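Enquirer: Line by line, the protein sequences give chains X and V.
For the first sequence, numbering that gives the first Met the number 0 assigns the number 281 to the last residue and increments by one with no breaks.
For the second sequence, numbering that gives the first Met the number 0 assigns the number 281 to the last residue and increments by one with no breaks.
It is possible that part of the hints are untrue.
To be verified - Derived coverage of chain V by chain X (criterion: at least 3 residues anywhere in the stretch with Cβ under 8 angstroms from a Cβ of chain X; other residues may be distant):
{"#": "1", "segment": "9 to 22"}
{"#": "2", "segment": "37 to 45"}
Said to hold, decoys possible - Each computed BS3-like pair below joins lysine-lysine, with the alpha-carbon atoms no more than 27 angstroms apart:
{"#": "3", "chain 1": "V", "residue 1": "Lys43", "chain 2": "X", "residue 2": "Lys60"}
{"#": "4", "chain 1": "V", "residue 1": "Lys266", "chain 2": "X", "residue 2": "Lys12"}
{"#": "5", "chain 1": "X", "residue 1": "Lys259", "chain 2": "V", "residue 2": "Lys12"}
{"#": "6", "chain 1": "V", "residue 1": "Lys12", "chain 2": "X", "residue 2": "Lys266"}
{"#": "7", "chain 1": "X", "residue 1": "Lys12", "chain 2": "V", "residue 2": "Lys12"}
{"#": "8", "chain 1": "V", "residue 1": "Lys266", "chain 2": "X", "residue 2": "Lys30"}
{"#": "9", "chain 1": "V", "residue 1": "Lys259", "chain 2": "X", "residue 2": "Lys259"}
{"#": "10", "chain 1": "X", "residue 1": "Lys12", "chain 2": "V", "residue 2": "Lys30"}
Claimed, not checked - Here's a subset of chain X near chain V, in silico, CB distances under 10 angstroms, partners left out:
{"#": "11", "residue": "Cys9"}
{"#": "12", "residue": "Leu15"}
{"#": "13", "residue": "Ser18"}
{"#": "14", "residue": "Arg19"}
{"#": "15", "residue": "Leu36"}
Calculated directly from the structure, the hints in this document are not laboratory data.
It should be emphasised that the depicted structure is a prediction, and the values quoted were computed from it without experimental measurement.
Note that the Cβ used here is the ideal one computed from N, Cα and C, for glycine as well.
2 protein chains.
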Amino acid sequence: MEITLDCIPCMLKQALEASRMVTNDIEQQEKIVEEALSILLAFKAYRNAPDLARGIQRIIKDITGTEDAYYDIKRRDLDAANKLYPFLQEFIKKQDGELYWALKTAATGNNIDAAIYQDIDVKRCVEQELDKEFSVCDLTLFKDKLKVASNILILGDNTGETVFDKILIESLPDIPVTYGVRSEPILNDATIQEAYDSGLGEVSRIVSTGCNAPGTILEECNKEFITLFHQADLIISKGQGNFEALSEQKGNLFFLLKAKCPMIANKLNVELNDYVFKYSGS
Amino acid sequence: MEITLDCIPCMLKQALEASRMVTNDIEQQEKIVEEALSILLAFKAYRNAPDLARGIQRIIKDITGTEDAYYDIKRRDLDAANKLYPFLQEFIKKQDGELYWALKTAATGNNIDAAIYQDIDVKRCVEQELDKEFSVCDLTLFKDKLKVASNILILGDNTGETVFDKILIESLPDIPVTYGVRSEPILNDATIQEAYDSGLGEVSRIVSTGCNAPGTILEECNKEFITLFHQADLIISKGQGNFEALSEQKGNLFFLLKAKCPMIANKLNVELNDYVFKYSGS
Numbered sequence: 000m001e002i003t004l005d006c007i008p009c010m011l012k013q014a015l016e017a018s019r020m021v022t023n024d025i026e027q028q029e030k031i032v033e034e035a036l037s038i039l040l041a042f043k044a045y046r047n048a049p050d051l052a053r054g055i056q057r058i059i060k061d062i063t064g065t066e067d068a069y070y071d072i073k074r075r076d077l078d079a080a081n082k083l084y085p086f087l088q089e090f091i092k093k094q095d096g097e098l099y100w101a102l103k104t105a106a107t108g109n110n111i112d113a114a115i116y117q118d119i120d121v122k123r124c125v126e127q128e129l130d131k132e133f134s135v136c137d138l139t140l141f142k143d144k145l146k147v148a149s150n151i152l153i154l155g156d157n158t159g160e161t162v163f164d165k166i167l168i169e170s171l172p173d174i175p176v177t178y179g180v181r182s183e184p185i186l187n188d189a190t191i192q193e194a195y196d197s198g199l200g201e202v203s204r205i206v207s208t209g210c211n212a213p214g215t216i217l218e219e220c221n222k223e224f225i226t227l228f229h230q231a232d233l234i235i236s237k238g239q240g241n242f243e244a245l246s247e248q249k250g251n252l253f254f255l256l257k258a259k260c261p262m263i264a265n266k267l268n269v270e271l272n273d274y275v276f277k278y279s280g281s
Numbered sequence: 000m001e002i003t004l005d006c007i008p009c010m011l012k013q014a015l016e017a018s019r020m021v022t023n024d025i026e027q028q029e030k031i032v033e034e035a036l037s038i039l040l041a042f043k044a045y046r047n048a049p050d051l052a053r054g055i056q057r058i059i060k061d062i063t064g065t066e067d068a069y070y071d072i073k074r075r076d077l078d079a080a081n082k083l084y085p086f087l088q089e090f091i092k093k094q095d096g097e098l099y100w101a102l103k104t105a106a107t108g109n110n111i112d113a114a115i116y117q118d119i120d121v122k123r124c125v126e127q128e129l130d131k132e133f134s135v136c137d138l139t140l141f142k143d144k145l146k147v148a149s150n151i152l153i154l155g156d157n158t159g160e161t162v163f164d165k166i167l168i169e170s171l172p173d174i175p176v177t178y179g180v181r182s183e184p185i186l187n188d189a190t191i192q193e194a195y196d197s198g199l200g201e202v203s204r205i206v207s208t209g210c211n212a213p214g215t216i217l218e219e220c221n222k223e224f225i226t227l228f229h230q231a232d233l234i235i236s237k238g239q240g241n242f243e244a245l246s247e248q249k250g251n252l253f254f255l256l257k258a259k260c261p262m263i264a265n266k267l268n269v270e271l272n273d274y275v276f277k278y279s280g281s
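Work out the full structure, taking the sequences as your base and the hints as a guide.
Expert: What follows is the structure, encoded as structure tokens:
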């Protein structure tokens, strides 16, 4: 998906927010904003939004020396999600149509950061989000492909959401699952460390994609991962960043996300904040 | 009030929105965003937020040749406000404490653009906003000063809000009122034209401040206006832009606004969206 003009002020705001997570020094914050403006001026040189977002987040590393600006946020989200795990398991058990609701749970996980931010009662907030149905759901097609699949690849997104993905994997048939994550800390995305800390090692093989952008930019992934991607019988791509990086990709690929951005909602032809499980097309 | 780092992504978003009001040409929109980024890189060279906002809005004039990007928006808001005028008059008649509610009506006018945008039922939306009381209200002090005042200067803000200001003027004692407006079209701010079209000519002397920024930057005003400003017995400064330009000014000056921006709310020590009628200090 191409970078829209709306991405630019949004990413600038994200840069400012991230700068405040790592430093109280106004001069450093100013420098980060100034460098971000310079990078945004050259936005056409970037492949897509995750590529541009990485460029901006690198400034924070360079100026403050902080390798993982979202470390505290990630630990907070991980703790909250791990506490919710038994509740999520109970939720799935109660539903009619386990696979639909397991997918819905994994998509709801895409919202955990916002839930924690907005509401002290995280459980209630998640409960409300869980109850919302998909506005697009290619479940029948997915089930057909799942019947003949001998392996699945899931592309992870945010930390905390990873725990919700464990629920999904536990609801899948007993075939090998590989879980791909970012190669380095970027925004609140999960790396190998956070994937393990979410218990995903118990239900899948965790691998690094080799890409350190907040979206799986296939050209940048390591050879092993690219082979994995092309040999996977089924791929579930989680979240907006992976969608932005892979939206033009076809094959046995399904996008599972909450459309939290108006541009992405528009691209998917859904309303803002809709939940989507959509086949990429063949 | 100094420019905050939060102003920067906000103004970039405003530039993009304004670019879309005047052109559907994506290349022109891109050029506007790129020029805005260049200006924002030099944000420290600007006095305050209205100064910076003017710099950005000038790009739109330069690139598209459109002198008044908000023309349609202003006509829409003016029509809506003029239709509300009899209702506002009735509202004031019903209240206990005419001056308080006339001030509150003028402050509520600061919200007319948002009201129209959010709700088809503008009257109901305005009614709800009218009912909210001020969180800061230096009315007693204002009344004391009003007793001995022989003239009042009001610094206007948005188009449409101007109609609400007419209600305020009608509730003031019978002393001469001067109403100061921007010297040129800038954002949705009122100029002499819109002030007359709001009926303000019937209740006040309308003058241009001589300043074309979306806030009264005193150093830039014409000599006549600066004299008027210093000789005024009482000044009511409407809206955020005038507050940003005049926040350090002391004297017989009262700020009347809705704190629609988190930075301004913070500066005024109130909650976001609070209504404020505050003495500048002597």
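Enquirer: Holds or violated: are the alpha carbons of X/Lys12 and V/Lys12 at most 27 angstroms from each other?
Expert: 10 angstroms, holds
Enquirer: Run the distance test for V/Lys266 versus X/Lys12: straight-line Cα separation, threshold 27 angstroms.
Expert: Measuring from Cα to Cα gives roughly 20 angstroms; hence the hint holds.
Enquirer: Decide if the proposed pair is consistent with the structure: V/Lys259 and X/Lys259, CA atoms, cutoff 27 angstroms inclusive.
Expert: This hinted pair holds, its Cα atoms lying about 23 angstroms apart.
Enquirer: Given X/Leu15 as an interface hint, is the shortest Cβ-Cβ distance to chain V below 10 angstroms?
Expert: 6 angstroms, holds
Enquirer: Holds or violated: the hint that X/Leu36 contacts chain V, with Cβ atoms closer than 10 angstroms.
Expert: Holds. Min distance 5 angstroms.
Enquirer: How does the coverage statement for the segment 37 to 45 of chain V fare against chain X, requiring three or more residues with Cβ below 8 angstroms from a Cβ of that chain?
Expert: Check passed, 3 qualifying residues.
Enquirer: Next pair to validate is V/Lys12 with X/Lys266; report whether the Cα-Cα distance is within 27 angstroms.
Expert: Between V/Lys12 and X/Lys266 the Cα gap is close to 20 angstroms, so the pair holds against 27 angstroms.
Enquirer: Hey, does the X/Arg19 contact hint survive, CB to chain V under 10 angstroms?
Expert: 9 angstroms, holds
Enquirer: If you draw a straight line from the CA of V/Lys43 to the CA of X/Lys60, is it 27 angstroms or shorter?
Expert: Measuring from Cα to Cα gives roughly 24 angstroms; hence the hint holds.
Enquirer: The hint names X/Ser18 as touching chain V; please verify it with the least Cβ-Cβ distance against 10 angstroms.
Expert: Holds, about 8 angstroms.
Enquirer: CA of V/Lys266 to CA of X/Lys30, is that 27 angstroms or under?
Expert: 23 angstroms, holds
Enquirer: For the pair supplied as a hint, X/Lys259 and V/Lys12, confirm whether the alpha-carbon distance does not exceed 27 angstroms.
Expert: Status holds; Cα separation ~18 angstroms.
This entry satisfies every hint, going by the numbered hints stated previously.
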